[in-house]
Amino acid sequence: THSQTVESDERALLNVGESEGISFSKDSLFLMNLRFRMQNRAGFNTLEGDAFEVSEYEMRVRRLRLRFDGFVGNPRFQYYIQLAFSKADLDLETSLVAQPIRDAILYYFINENLYIGFGQSKLPGNRQRVISSGNLQFADRSTANAIFTLDRDFGFFLYKTIPFKNQSILQLKGVVSTGDGRNASAINDGLAYTGRIEYLPFGRFSNSGDYSEGDFEFEPKPKLALGLTLSENQKATRTGGQLGQELFDARNMNSFIVDGIYKHMGWAVMGEYLHRSSNDPITVDELGEIRYVLVGWGFNTQISKMLDRKNELAVRYANVTPNAQINQFQQRVDEALLGFTHYVNGHRIKIQANLGYKWLEGLAKFENTGNSWTGMFQVEFGI
Amino acid sequence: THSQTVESDERALLNVGESEGISFSKDSLFLMNLRFRMQNRAGFNTLEGDAFEVSEYEMRVRRLRLRFDGFVGNPRFQYYIQLAFSKADLDLETSLVAQPIRDAILYYFINENLYIGFGQSKLPGNRQRVISSGNLQFADRSTANAIFTLDRDFGFFLYKTIPFKNQSILQLKGVVSTGDGRNASAINDGLAYTGRIEYLPFGRFSNSGDYSEGDFEFEPKPKLALGLTLSENQKATRTGGQLGQELFDARNMNSFIVDGIYKHMGWAVMGEYLHRSSNDPITVDELGEIRYVLVGWGFNTQISKMLDRKNELAVRYANVTPNAQINQFQQRVDEALLGFTHYVNGHRIKIQANLGYKWLEGLAKFENTGNSWTGMFQVEFGI
Amino acid sequence: THSQTVESDERALLNVGESEGISFSKDSLFLMNLRFRMQNRAGFNTLEGDAFEVSEYEMRVRRLRLRFDGFVGNPRFQYYIQLAFSKADLDLETSLVAQPIRDAILYYFINENLYIGFGQSKLPGNRQRVISSGNLQFADRSTANAIFTLDRDFGFFLYKTIPFKNQSILQLKGVVSTGDGRNASAINDGLAYTGRIEYLPFGRFSNSGDYSEGDFEFEPKPKLALGLTLSENQKATRTGGQLGQELFDARNMNSFIVDGIYKHMGWAVMGEYLHRSSNDPITVDELGEIRYVLVGWGFNTQISKMLDRKNELAVRYANVTPNAQINQFQQRVDEALLGFTHYVNGHRIKIQANLGYKWLEGLAKFENTGNSWTGMFQVEFGI
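Residue numbers (my numbering), protein chains in the order written: chain A, 202 to 584; chain B, 202 to 584; chain C, 202 to 584.
Only chain A is shown next, with the shape it has when bound in the complex (with noise of 0.2 Å):
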C-alpha cells in the first residue's frame, strides 16, 4: 500500500483481517481498531450423577462483545473500551441492573516498562479470570474462579515491568480500586488494595501466551510464568466483595492467589490457588435472612496437549472449600472436565466440545445427591 501513494503519512488508513479487526489509522496520531466477538453454546446438564437424563439444556449466546481500543493524539495515550450485550455479560442472570460496560480505561505510557491507567478493567487476581474469554480453551472459566475471582474494578492501576539480562521478567501491578465491582455507584469510603507480582523465568511467551490457554504457539523452548497476588477489599457491600448478591453489612476481605502457567512444544499446564478471608463472614439482616462472604479455597489446573496445528486435547480439575465459617450453607464442589478444541482460526474462531462431571461434599460417587454431568458445544467466532 505505502509504496502506491507518496502521500500515504497524510492518509487515513483502513486494515482489515481475520485476526486484527477492523482498524482505522492515521501515522502515531490516531488509531482505532473495532472488533467483536461472540460465543454460541448449546449445552445440558443432567440431575443425578448415575442417570445421564437431561434436566435442561443450556443454549444461548454466552457472550458478545464489542470492543474498541487504539490511540488519539500520541501513542502514548491509549484507550480500550469493551461492551457486553448478552444476558449473562449484562450480570442480567442474577440481577435486574444492566451492565454493558465491561471496560472502559484510559492508559498513560510513562516510557516502554511503566505505565498507568484510570478507569474500569479486570483486577490483577487468578490468571484465568485475566486471559480473556475469548482465550479460554474450555467453554467456561473454573468453578474456583466462579467463587473466588476479583474481578473487574474501577481505579487507578499501575503496571511495571522489569527486565533482566538474563531474559527473565518480573512484572509488578498494583491497584487501588473502588472494590465494589463493575459500574458501581458511590457506596462508602472502604476502597480495594490489589498488588500483584509476576516473574518470568525464561522470557516472554510467544505472542503474550502468558495469558491465553493451550500452547497454540508450540513454544520451541519451555516458558513459564508465576504470579502472587495479595487484595484487600475494606468494606465490600457483595459477598465475593467485586461480584455476588449484596451483603447486608460491609466486611473487610482478604484475598490470596498464586498462579502458574508452563508451555512448550504444544503442551501446557496451569494452576491456581485461590483464598479469600473475613473476620465475620456472615451477615443478617432484620429478618433473619443470612447472606456470608464466600470465604474459602479454590485451585484449578488444567493440562492440554495440541495434537496437530488445529486440535487441542484438554483436562481440567477444580475445587471449591468453604471455610468452615460458612460451610453449613455452601457446600464443597469438585469437577473435572475434558476439553476438545479445533481452531478453526486460532483463538478467533474455535469450535470446542466439553464434557465434565461435578460432585459435592467430596463425595464423588456416580449415585451421590446432586453429582451431576455436563456437556457443551461451542462456537467462538471474533474479528
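The list that follows gives simulated cross-link-like pairs (lysine-lysine, BS3-like), each with its CA atoms no further than 30 Å apart:
1) B/366 to B/422
2) B/422 to B/506
3) A/559 to B/436
4) C/227 to A/227
5) B/559 to C/436
6) A/227 to C/511
7) A/511 to A/559
8) B/361 to B/227
9) A/323 to A/436
10) A/506 to A/323
11) A/361 to A/323
12) C/227 to B/511
13) C/361 to C/374
14) C/361 to C/422
15) C/436 to C/323
16) C/506 to C/422
17) A/511 to B/227
18) C/511 to C/422
19) A/559 to A/506
20) C/361 to C/436
21) C/559 to C/323
22) C/227 to B/227
23) B/227 to A/227
24) B/511 to B/559
25) A/422 to A/506
26) A/436 to C/559
27) B/361 to B/323
From the structure, some residues in chain C lie toward chain B, with a derived Cβ separation under 8 Å:
28) 215
29) 269
30) 274
31) 282
32) 297
33) 298
34) 302
35) 305
36) 320
37) 321
38) 355
39) 385
40) 387
Calculated directly from the structure, the hints in this document are not laboratory data.
C-beta atoms are modelled at their ideal positions from N, C-alpha and C, and glycine is treated no differently.
Start from chain A and add chains B and C according to the hints.
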C-alpha cells in the same frame, strides 16, 4: 476503483452507499457490513369508536438497530449480528430484563443451496414475522402476528433450496431450538421443533421480494410464494412460547401456519393464517392467579398497490380469535388499516401514514365498548 | 488526497482525526461520523461540613457514549444518534428500565436558516443542559439543572435562524413533544409545548461557542448570547416532567428559563435562572405516600478564565429554592465550586479537578447538619 491500483487485491476496501450501509472488505477473506436503522413515530389512539377524542399519544423511537454481517476467512463462514436499543426493542415495555441481542448467528454454507446456522435468529414461522421490520408497509405487524408468531429463538438451523428446471423453487427449513425465546436462560429439557416448506411456482422474486412487503420492484411477471410451518414447542414456559409472560407451569404447544404472497406490476397480496393449540392451556399459581397459553387462531391479509415508483397504498384486515378454552380471559380482536407509504429511498428511508380501526368480540359498530381508532405517522431511516 | 485520484468523486472516503472522530463519506450522497467519548472519575463526598472525613468515594465511568451522525442521499436529510452505556447514562442509578438511547432524531433542512426535526433529542431549555456533557467545564452540571432542566423528549422540533445585517442573530426554537422524557411509552393525551428565543447581539461565537463552556477560543471581540424559554407540560407524569419518579397523578407544569453566556479573550461568564410551577404539585397514593412536582426556582452562575491555551480556572455558584408548596419535603440547596481544567485536546481530551461545598437551607456554616464537601478528579476522553 479497481482500475486505479494493481495492488487492489491486497488492500482493504471501504464502500458506502445509500442502500448498502458501510462495508469493509478484503477479497474473499473478510467482509463486514455495518448498518443502522431507526423508526421514529408519532401516533394516537382513541378511547372509543364513536368519538375521535385522543386517549393517548404514542410518540417514540420504536426501533433502533445496529447490524453487523459478513464473513471471515472464507465466504462460506458467515455471521449476522443485530443489536437493538429502543425500549420496545429491549423488551422493556413488558419486562425488566433488557435484551439488546436480536440476532447473533453463524452460518456455514455447505453449498449454494444448503446452509446451516447456529445461534439466535428468527424461526421460519409466519411470513410477516420473518420479513424485516425495515421492509414492512405498515408501521406495525398485524394483531395476529402479535399473538401467534413464533418470533426468535436460539438453536440449530438448516436451510435447503431445491431449484426445479421450470424455475420453480422449493425451500425446506428446519430448526431445533430452546423454545423459550431470545436470550433465554437454561430452564428445562423441553426443546422446540420447527419445520417449514415453501414453494415458489414462478421462480424467485426480484430482490428477495418474497420477504419484503409491497411490490416496490414492479414484478413484470406474476410471482407467488406459498409457505407452511409446523412447530412443536415442548415444555414451553411462556404464554406465547417464545414470547409473553411466564406461565406458572410448562406446557406443550403446537403451531400451524400457512401463508402466501403474490406480486405483479406494483400489486402485492399477502395472507397468513396462524393457529396455536395446547391440551391444557391454563396455569394457576398458589394464589389462584391465572396465566394461559394463547391458544386460538388468527389471520392477516394485506393488499397494496404502488401508485407510482415512490408511493404506495395498502389495506390490511387481521383477526385474532381465542379458543373456547381461554375466551373468558382473551377477547376476539379485529383490525382494519389503511396505509400510505412514500418511499424516499426504497424501504431504507420511507415515510408512512396509517389509519386503523380495531373492534372487539366481532362487534364492529363504532359505539361498542372497547372499539377504537388509531393513527400513526412514521419515518424509517437507515443505511 | 484529492489530487491523487481523478476518480475520487466515485470513491468512498475515510477520514480520522483527533477532533473529528472517524468519518465515512461519498460526495454529497453519504456521510457518517462515528465518535465515542467517556468520562472516568474519582471523587469523594464528606458527611459533614466541618470534618474532612470521607463518607463515600465515587469512582466510576460516569458517561460512555457512541455517536453516529451524518446524512444519506442528500445533505438536507440528516440523522443524529447517540447511545449511552454507563449505569448513570442508562438511568439505572434511579430506575430499573435501561435507556441506552439518548438521541435518535432526523433533521430536514428546508434552507440554511430553517430546519425541522423528528425524534428524540434535547429540548431547547436551559443553556447548560443543551451544552453537551463533553463541553462542560465542571464534572457535572449544576444542582439547579438537576432539579429544573427540561432534559430530552420525543417530538417535532423546529429551528429558525434570523440573521440581521449588523451581524446580530435571532434564533427561534419550537417543540411539540410527549413531555414524558426519553423513550417514554404512550401514557395519556397530554403533550408538552416548548418555545425558545435566543439573541446574539454581536454575532456568532467561534466554533459554536455559545453552546460550549469556557472561552477556549479566546474570542477576540466580545460575544454574547441571551436565551428565554417557556414550556408548558400538560398532564405530565413525572416529578420533573421529563425526568424524575412517577407521580401518582398527572399534573400540568410550567417552566420559565432565562440564560446567557458572555465570552471574551479567555473569559467566560454564564448564568441561568430556572423556574417551575404547578397549581397543585402534591400527589398522594392510596397508602398516603407523597410524590410532588419539583416546583420552585434555581439559578447557576459560572465565571471562568483561561490561564493559557491549555489551562482554565472556573468558579460556580448555584442554588435551588423549592416553592412554599413543597418546602416541607424539599430542602433549599446551595453549592459553590472551584474548577480547574487542563485541555489536552480541546474539550475532547481534558483533565478536570473540582472542589465544592454544598449547604442546606441557606445555612452556610460548616458545622450545620447536612453540609458537605465534595472533590472530583475526572478525565474526559473522546474522538
